[in-house]
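Position chain B against the provided structure of chain A, taking the given hints into account.
Each chain is listed here by its residues.
Number of protein chains: 2
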Amino acid sequence: MVSIVIKIDSTSLSSTEKIEQIAKRIIDEKKRGRNVIVVVPNMELLEDKNYQIVNLLSDKPSKRELHVIESTNAQIASSLLAIAIQKKGFKAISLTGWQAGIETIENNDSVLISNINGERIIDRLKKGEIVIVAGSQGVDHKNNILTLGDGGADTTAVAIGVALKAEHIEIFTAQDGIYTADPAVVKGARRLKQITYDEMLELAHLGSQTVHPRAVELAKIYEIPLVVRSSTEAQGTLIKGEVDMEKNLVVRGVAYEAEIIRLTVGYDSYENSSLANIFSTLANNDIDVDIIVQAVIDGVKPTVSFSIDKEDFAEAIKVLEKNKPELGFSFADFEVGLSKVSIVGAGMVSNPGVAARMFDRLRKENILVKMVSTSEIKVSVVVPQDDMVKAANALHDEFNLIEEIVK
Amino acid sequence: MVSIVIKIDSTSLSSTEKIEQIAKRIIDEKKRGRNVIVVVPNMELLEDKNYQIVNLLSDKPSKRELHVIESTNAQIASSLLAIAIQKKGFKAISLTGWQAGIETIENNDSVLISNINGERIIDRLKKGEIVIVAGSQGVDHKNNILTLGDGGADTTAVAIGVALKAEHIEIFTAQDGIYTADPAVVKGARRLKQITYDEMLELAHLGSQTVHPRAVELAKIYEIPLVVRSSTEAQGTLIKGEVDMEKNLVVRGVAYEAEIIRLTVGYDSYENSSLANIFSTLANNDIDVDIIVQAVIDGVKPTVSFSIDKEDFAEAIKVLEKNKPELGFSFADFEVGLSKVSIVGAGMVSNPGVAARMFDRLRKENILVKMVSTSEIKVSVVVPQDDMVKAANALHDEFNLIEEIVK
Chain A
4 MVSIVIKIDS TSLSSTEKIE QIAKRIIDEK KRGRNVIVVV PNMELLEDKN
54 YQIVNLLSDK PSKRELHVIE STNAQIASSL LAIAIQKKGF KAISLTGWQA
104 GIETIENNDS VLISNINGER IIDRLKKGEI VIVAGSQGVD HKNNILTLGD
154 GGADTTAVAI GVALKAEHIE IFTAQDGIYT ADPAVVKGAR RLKQITYDEM
204 LELAHLGSQT VHPRAVELAK IYEIPLVVRS STEAQGTLIK GEVDMEKNLV
254 VRGVAYEAEI IRLTVGYDSY ENSSLANIFS TLANNDIDVD IIVQAVIDGV
304 KPTVSFSIDK EDFAEAIKVL EKNKPELGFS FADFEVGLSK VSIVGAGMVS
354 NPGVAARMFD RLRKENILVK MVSTSEIKVS VVVPQDDMVK AANALHDEFN
404 LIEEIVK
Chain B
4 MVSIVIKIDS TSLSSTEKIE QIAKRIIDEK KRGRNVIVVV PNMELLEDKN
54 YQIVNLLSDK PSKRELHVIE STNAQIASSL LAIAIQKKGF KAISLTGWQA
104 GIETIENNDS VLISNINGER IIDRLKKGEI VIVAGSQGVD HKNNILTLGD
154 GGADTTAVAI GVALKAEHIE IFTAQDGIYT ADPAVVKGAR RLKQITYDEM
204 LELAHLGSQT VHPRAVELAK IYEIPLVVRS STEAQGTLIK GEVDMEKNLV
254 VRGVAYEAEI IRLTVGYDSY ENSSLANIFS TLANNDIDVD IIVQAVIDGV
304 KPTVSFSIDK EDFAEAIKVL EKNKPELGFS FADFEVGLSK VSIVGAGMVS
354 NPGVAARMFD RLRKENILVK MVSTSEIKVS VVVPQDDMVK AANALHDEFN
404 LIEEIVK
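Taken in order, these protein sequences are the chains called A and B. Residue numbers for the first sequence follow the working numbering, so the first one is 4 and each next one is one higher. Residue numbers for the second sequence follow the working numbering, so the first one is 4 and each next one is one higher.
Chain A with its partners taken away, still in its complex shape:
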């Protein structure tokens, strides 16, 4: 019998009415004759007296105990959804991470799913029950409870889908799929019917919050299809290895990120400039560097520029000042009020003219490109914050993302 895994969104748990609606939606899926496994995220309704008490008790509570407390949220959510489904006359059962056979390991600061023993879930499916799994949690080999952190519920859904050889995984979100750009900003942004894992990864890393990259990466490895849609609509976006339709569309989406800061560090001579040192020092201080541009021009002192998030700015300046002697740079400069706009599409690999077309269009729009970064399926530019929306709309238009829907 065909199984599907549905990861519901936290909005679907934001009130009793919403819980009843999502229960009905899940029952509809069951009525189509499939085995249904549902993965629930944390409920904001339950956040959170617990942490208030924790903070009063300790300024440095142990991670192990925080995992134990954190895990109760999705545990309660899974039971509430099971109760709502049962109320409508259907069989349902909640399973915590450990009950569902989800094995996890701690790796440095993150928690990963190492294995899923799917027997318990399969047993329950065989009884005709809808299985509701508390997302983002499991146990290590010593039966300690661990929670997965950001993107944990998405990742749990994909991992269960892989373990149970599910037909596909549905990720319910507030939007009805993946868009060529943010519809709130770009006129004519439209929903993609299909997109590849790699394109989705680029979009996810570029700020699209619909599916967590961890989950997309896992789905890519096991080649299991993901469907992203809202819980209330039939349409959505299919994420898979190769996209059949729309192949001719070179650029698949436009993404952007606001509030970027460019830092520039200059050296007196080439001998002093050690890029490795500067970026390892920043990384050791948890400062994420995105785009890096090194200018080495004859007769000009060498400089390196890089972009960071606004939140990391103060810390980055502090780290640079502190380590100035070792890092050997002679000056540091910064520019605020920038943003990043990117175009993404698997077809770009075989279309070398795409970047040039992008720069050309931006020039026509009188938008100054401050930095550039490219990958096989992506081109990102840093432009003034004030031009961000204009740039996104122009690129969306340039690559025919609007017209495509009319065809």
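Simulated from the structure, these hints should not be mistaken for laboratory data. Keep in mind that the hints are not guaranteed to be accurate.
Which copy is meant is left open, because identical chains are indistinguishable; a pair holds if it fits in one copy or across any two.
[What the hints assert, rightly or not] Within a straight-line C-alpha distance of at most 20 Å, the following computed PhoX-like cross-link-like pairs (lysine-lysine) qualify: (1) Lys373 to Lys321; (2) Lys304 to Lys327; (3) Lys130 to Lys33.
Chain B in isolation, oriented as in the chain A frame:
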């Protein structure tokens, strides 16, 4: 190494200050060089948004899911206490019921502990950790979470003590031990240094809320000593098989229960009177009957009187009316405004004059005895509600429970 199990009271979890106090108290016990296992009850602080949502979702939620939700309370409480202990520089770890190896079974409507696999707890004790177990929960053989209901945390503490061959079990309560009567009502009521399991069982069933009878019964079977005390004082009451001291004290305590109702059912002839029928009918409708008195006097129509709790009154009348034809009685009558006062003491078995002395004293106090019930170690009388406090004080005085402390 000697182990002790401490079951803390819910008052100790009623604020962060209280949690910090109880953490210190537990650490003191650890400092004495013992292995310490703590069993926590539910926290009232966390009660309870969850049930509000459940009630909105379903008027008849499944018991299985209610267990799942209920279990999160003590799970969180155990983590919070572990965090508070760690904050003070001591090693501690929380364990849920299933992590602690607590196996439970469902038996009709109640959940019982069937076995404890103590390995996990022992492993942790060997590491020098204080082990905090979420009370009143375990898992069945299919790993479903079950919660134990009333007295569950007390019972968990005793069961763990038995499994780990603990030296004794400490039950922390609001009071500093077991009293000869309720100090709020009886002048001169005093704390007993020791009491037998059977005496404690009678007192518990008669309304003393310090230790749950389930826990006392289990301790009695395995002959493991219980110490009842407040978390802030050294003194307490030792509950064990045979009491060494105070043996000469025939009556060990006075208990009472307010708001009793006496129902009387009369028959036209002996042929029609079937006691078994009437009490099985009441039992089938979940009405607890306490004292039963049957009057069969020559020349007088047979009657049977029994006492019930005020809450069951309306239901009892309804059940009797509905089943009147089958039960064959000719009239039913009732008396409200009654109470039950009892004296308890293991020494009563070998002191046949105790009941007579009790009735004599009540007669002197002009207290009318409406019903009488006796067991080997207990005599209960039903008296007017208005005389309850007077009767309790008189009996406390009669059996020298006040003077004993002066000796």
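Results of checking the hints against the structure:
1. Taking CA atoms no more than 20 Å apart as the test, lysine 373 paired with lysine 321 passes in neither setting, with 24 Å inside one copy and 86 Å between copies.
2. Taking CA atoms no more than 20 Å apart as the test, lysine 304 paired with lysine 327 passes inside one copy only; the shortest distance there is 17 Å, against 107 Å between copies.
3. For the homomeric pair lysine 130 and lysine 33, the shortest alpha-carbon distance inside one copy (13 Å) is at most 20 Å, but the shortest distance between copies (48 Å) is not.
The earlier numbered hint that this structure contradicts is number 1, and it is the only one.
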